[in-house]
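Each chain is listed here by its residues.
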Amino acid sequence: MPLSGLQIYKLLPQTNCKECGFPTCLAFAMKLAAKQADLKDCPYVSDEAKAKLEAASAPPIRLVEIHGGDGRLAVGNETVLFRHEKTFYHPPGLFLHLQDSEDLQALGAKVAEADAYEADYVGIPLRLDGFAVEAASGDAGAFAAAVSAVRERSQKPLILLAPQAALARAGLEAAQGTRPLLYAADGENWEAMAEVAKSADVPLAVRADSLEALADLTQKLAQTGVEDLVLDPQVSGYLDSLHRLTAIRRLALKKNFRPLGYPMITFPGQAQGADELLLAAEHIAKYAGFIVLDHFDQAELYALLVLRQNIYTDPQKPIQVQPGLYEINNPDKDAPLMVTTNFSITYFSVANEVEGSGWPAWLMVADAEGMSVLTAWAAGKFDAERIAKGVKAFNVDDKVKHHKLIIPGHVAVLSGELEEELPGWEIMVGPREAVDIGSYLKAMWSAS
Amino acid sequence: MTIDIPKETYSGRVIEITLGATAEEGGTRSRSITVGGETALPYLHFEGEIPHPPALGLEIRDRKPDDWSPLLYQAWGEAMQDPADWARAAEAAGADFIYLVLSLTDEEGQTTTPERAVAVVKKVLEATGLPLAVIGPGQADLDNELLVPVAEATKGERLLLGICEDKNYRTIVATAMANGHLVESRTPMDVNLAKQLVILIHDMGMPMDRILMDPTTGALGYGIEYGYSVMERLRLAALQGDAMTQLPMIVTPGEEAWKVKEAKVGEGVPETWGDWERRALTWEALTASTLVHSGADVLVLRHPETLKRVRAMVDNLMQPVETL
Ligand code: B12
Ligand code: SF4
Numbered sequence: 000m001p002l003s004g005l006q007i008y009k010l011l012p013q014t015n016c017k018e019c020g021f022p023t024c025l026a027f028a029m030k031l032a033a034k035q036a037d038l039k040d041c042p043y044v045s046d047e048a049k050a051k052l053e054a055a056s057a058p059p060i061r062l063v064e065i066h067g068g069d070g071r072l073a074v075g076n077e078t079v080l081f082r083h084e085k086t087f088y089h090p091p092g093l094f095l096h097l098q099d100s101e102d103l104q105a106l107g108a109k110v111a112e113a114d115a116y117e118a119d120y121v122g123i124p125l126r127l128d129g130f131a132v133e134a135a136s137g138d139a140g141a142f143a144a145a146v147s148a149v150r151e152r153s154q155k156p157l158i159l160l161a162p163q164a165a166l167a168r169a170g171l172e173a174a175q176g177t178r179p180l181l182y183a184a185d186g187e188n189w190e191a192m193a194e195v196a197k198s199a200d201v202p203l204a205v206r207a208d209s210l211e212a213l214a215d216l217t218q219k220l221a222q223t224g225v226e227d228l229v230l231d232p233q234v235s236g237y238l239d240s241l242h243r244l245t246a247i248r249r250l251a252l253k254k255n256f257r258p259l260g261y262p263m264i265t266f267p268g269q270a271q272g273a274d275e276l277l278l279a280a281e282h283i284a285k286y287a288g289f290i291v292l293d294h295f296d297q298a299e300l301y302a303l304l305v306l307r308q309n310i311y312t313d314p315q316k317p318i319q320v321q322p323g324l325y326e327i328n329n330p331d332k333d334a335p336l337m338v339t340t341n342f343s344i345t346y347f348s349v350a351n352e353v354e355g356s357g358w359p360a361w362l363m364v365a366d367a368e369g370m371s372v373l374t375a376w377a378a379g380k381f382d383a384e385r386i387a388k389g390v391k392a393f394n395v396d397d398k399v400k401h402h403k404l405i406i407p408g409h410v411a412v413l414s415g416e417l418e419e420e421l422p423g424w425e426i427m428v429g430p431r432e433a434v435d436i437g438s439y440l441k442a443m444w445s446a447s
Numbered sequence: 000m001t002i003d004i005p006k007e008t009y010s011g012r013v014i015e016i017t018l019g020a021t022a023e024e025g026g027t028r029s030r031s032i033t034v035g036g037e038t039a040l041p042y043l044h045f046e047g048e049i050p051h052p053p054a055l056g057l058e059i060r061d062r063k064p065d066d067w068s069p070l071l072y073q074a075w076g077e078a079m080q081d082p083a084d085w086a087r088a089a090e091a092a093g094a095d096f097i098y099l100v101l102s103l104t105d106e107e108g109q110t111t112t113p114e115r116a117v118a119v120v121k122k123v124l125e126a127t128g129l130p131l132a133v134i135g136p137g138q139a140d141l142d143n144e145l146l147v148p149v150a151e152a153t154k155g156e157r158l159l160l161g162i163c164e165d166k167n168y169r170t171i172v173a174t175a176m177a178n179g180h181l182v183e184s185r186t187p188m189d190v191n192l193a194k195q196l197v198i199l200i201h202d203m204g205m206p207m208d209r210i211l212m213d214p215t216t217g218a219l220g221y222g223i224e225y226g227y228s229v230m231e232r233l234r235l236a237a238l239q240g241d242a243m244t245q246l247p248m249i250v251t252p253g254e255e256a257w258k259v260k261e262a263k264v265g266e267g268v269p270e271t272w273g274d275w276e277r278r279a280l281t282w283e284a285l286t287a288s289t290l291v292h293s294g295a296d297v298l299v300l301r302h303p304e305t306l307k308r309v310r311a312m313v314d315n316l317m318q319p320v321e322t323l
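So the protein lines, in turn, are chains A and B.
According to numbering that gives the first Met the number 0, the first sequence is numbered sequentially starting from 0.
According to numbering that gives the first Met the number 0, the second sequence is numbered sequentially starting from 0.
Next up, chain A with everything else stripped away, as it sits in the complex (with noise of 0.2 Å):
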């Protein structure tokens, strides 16, 4: 929580010695106040002082990082309970749980195959974060092998499940070049596991069954000086995973309690008569950081990334695509045309069923502020007006031999105004879902 100017003058030396640039300590504390100051500017604050102010600065939840051969994951540092506050900022990254007791080839054939899955949602290309590595067999090499193999197949970054130092040092060691979570450190092994946390400079992840003990751990791992800590407060099920998670969230955000001000993990696949799928749906939207599958299913896999994206969507920006005319499938002069909004998910549902049916096509998508075909006509967004802007502004004349422009079905109401602003043009209005084009090209436009 930043400090107020008042508390950061009994911080400074109170002198008045006017090196800073500023007349007295209390206008340089307002200025610092109000980030409008460096500290450095003062010579003589002490070192505590300095730690203090440093604190009081930093984000109440940790940003922590890490990264594979290439792929990057930072999560934390949000500041706020509901979306619609502000927004979340750093979605929670997906990771798919393996076993080092799995037969090597087979392990490598599953790495392979979730490292490739890629969907596109709207135009963004949807993706699973990285990978869960556990030394379920308690052996350091077979667990470096492990760990080695999944680095063969793939750049994405990784989390070592090994509680153990000596298991955890050769994964980390299989590991080298990049920077995993190491999981996890609990009442029992935190000295070791901040030790090799430490000597190689990664974020380690915090285990235990009550939040105070959560806390007095990170306290403990803290001192050490094991800065990048991740909280498992071992959920298992809806309730009281909606409610450790909400607990620290809060405790955060509104007291600024530095020993749960990380980020959280969990692993939905684990809660004893839970649903994996819809308890990391929960844990999407209610605060987790790393969500670990035991399951790699496109379909489920799909959905939850589309949720992720949905739930970390900017309230105050809908996701947009530019305005412009747009060829689909190659068209020439004579090709249909067709207008409809810049709001990505009409943009995109329009756009895939135009180019799957085959048509070659024009695509007019006029600037209705990134709003739906309705909204945006019940907003004024989408009117005659524009639209006839649209065909202006875009060239579409030079693109374009004919004069005929197909509407969606919902705006059927457009026609006759369309018709006054583009005089000589034929208005012809589609059907109301996409999904028809097809079949409405081919009965009316071969027709016209």
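Among these hints, one or two may not hold up.
[Said to hold, decoys possible] Here are the simulated lysine to any residue pairs, SDA-like style, with alpha carbons at most 20 Å apart: (1) K63(B) to T112(B); (2) K109(A) to D274(B); (3) K254(A) to E7(B); (4) K85(A) to L235(B); (5) K51(A) to G224(A); (6) K34(A) to E53(A); (7) K260(B) to L235(B); (8) K253(A) to K258(B); (9) K260(B) to E84(A); (10) K51(A) to P12(A); (11) K258(B) to K85(A); (12) K263(B) to P430(A); (13) K316(A) to E84(A); (14) K263(B) to E7(B); (15) K258(B) to V434(A); (16) K263(B) to G355(A); (17) K441(A) to H401(A); (18) K260(B) to V121(A).
No lab work stands behind these hints: they were computed from the structure.
These numbers were taken from a predicted model, which means no experiment stands behind them.
Given chain A, put chain B with the ligands in place with the hints provided.
Relative to the frame of chain A, chain B with the ligands by itself:
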């Protein structure tokens, strides 16, 4: 170390609303269901009361629909041929209530008549003891024409009637008031619009404990985040004491999720979308479960399997256990 969990205490409380009436309550239902009554954000039992689990309903139609996903036809099979069978199947699948939507036309393409609507509603009421919602086809004139005789023929049953929107609510509200029913008040994802319509309905004389607020739902991938945030804002406003938002919220994730390509279509879609059936069921389940977390009190679903999955989740969320 002992940790002081920051707890919020709110002055506001969501109204409790009962759907359906038993014989003692003046109807014929074998049981009624009550929702609402919260004094805390969803399932945060440690700082307030969440007296009731959300009610999970299944949507049925007065006849087999023309354009549902093949997966839904598979799930319901022959039962879809007859609304009474369908209602019984929905009850057997574990629904808390039945959400009956009347179609625009009958099997022959003729506009649905009031006689037919009343007959179907009566048949469904006989087939099941569950509380019932009766929803018009979604065209103002026809909705009014069908819902008024339905409301009159079922006086005292505490049906949920809908859908009231800003352009068409008066007739439905008037008949619901006269015959002891409830109404669904739907507005397009906006806190102020939600309040305004509730005010208009309440001003007609409808008691608050007979209005369910429908903030409008978007499917996963198709605007769920708008609905999610509007619901969080409405619930916060309710708890902070804004009376016109203190109503239980009803959402229709079944309809929204099954409308989108991910759920509806099995062929000609990207390979990365994976197995169709799993994807479709996941789509409905995630849309619904996410809305449970943003404060939904009443959820209308379409697939019996989704109902089971969401039920298991809300059962867990309602457990009286220590978690902190
Ligand atoms: C999400 C949403 C919002 C979001 C905005 C999302 C966005 N960025 O656009 C928010 C919450 C901000 C919003 C606000 C409003 N909304 Co709104 N909103 C919706 C909602 C729930 C979904 C819209 C959506 O995203 N659909 C998905 C996209 C892909 O659909 P689409 O663009 O129509 O595209 C489809 C078709 O049209 C077709 N298509 C598209 N282009 C083309 C082109 C051609 C050639 C063809 C053939 C087909 C085609 O293909 C697509 C897929 O089939 C709908 C209700 C619903 N469930 O549909 C209401 C809805 C659109 N909203 C409505 C209203 C009234 C509003 C507001 C005016 C309310 C208000 N007074 O505040 C505001 C306006 C915004 C403003 N003033 O800033 C009304 C419109 C009523 C009407 N018929 O005019 C609706 C229908 C809700 C309702 N039933 O009342 N809304
Ligand atoms: S340099 Fe430091 S001690 Fe001197 S006036 Fe500025 S703040 Fe005060």
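Does H401(A) lie within 20 Å of K441(A) when you go C-alpha to C-alpha?
Distance ~18 Å between K441(A) and H401(A) Cα, so the pair holds.
Hinted pair, alpha-carbon criterion (20 Å max): K253(A), K258(B). Please report holds or violated.
Between K253(A) and K258(B) the Cα gap is close to 40 Å, so the pair fails against 20 Å, i.e. violated.
20 Å Cα cutoff - pair K260(B), E84(A):
31 Å, violated
Could you grab the alpha-carbon distance between K260(B) and L235(B) and see if it respects the 20 Å cut-off?
Violated, at roughly 33 Å.
For the pair supplied as a hint, K263(B) and E7(B), confirm whether the alpha-carbon distance does not exceed 20 Å.
Roughly 42 Å separates the two Cα atoms, so the pair is violated.
CA of K263(B) to CA of G355(A), is that 20 Å or under?
16 Å, holds
Hinted pair K34(A) and E53(A), Cα distance within 20 Å:
Distance of about 13 Å is within 20 Å: holds.
Quickly compare the C-alpha distance for K254(A) and E7(B) to 20 Å and report which way the hint goes.
Holds - the C-alpha atoms of E7(B) and K254(A) are around 13 Å apart, at most 20 Å.
Holds or violated: are the alpha carbons of K109(A) and D274(B) at most 20 Å from each other?
17 Å, holds
Does K258(B) pair with K85(A) here, judged by a C-alpha cut-off of 20 Å?
At roughly 30 Å apart (the allowed maximum being 20 Å), K85(A) and K258(B) break the hint.
Decide if the proposed pair is consistent with the structure: K260(B) and V121(A), CA atoms, cutoff 20 Å inclusive.
13 Å, holds
CA of K85(A) to CA of L235(B), is that 20 Å or under?
The hint holds at about 15 Å.
Hint compliance for this structure: hints 7, 8, 9, 11 and 14 are not met, and every other hint is.
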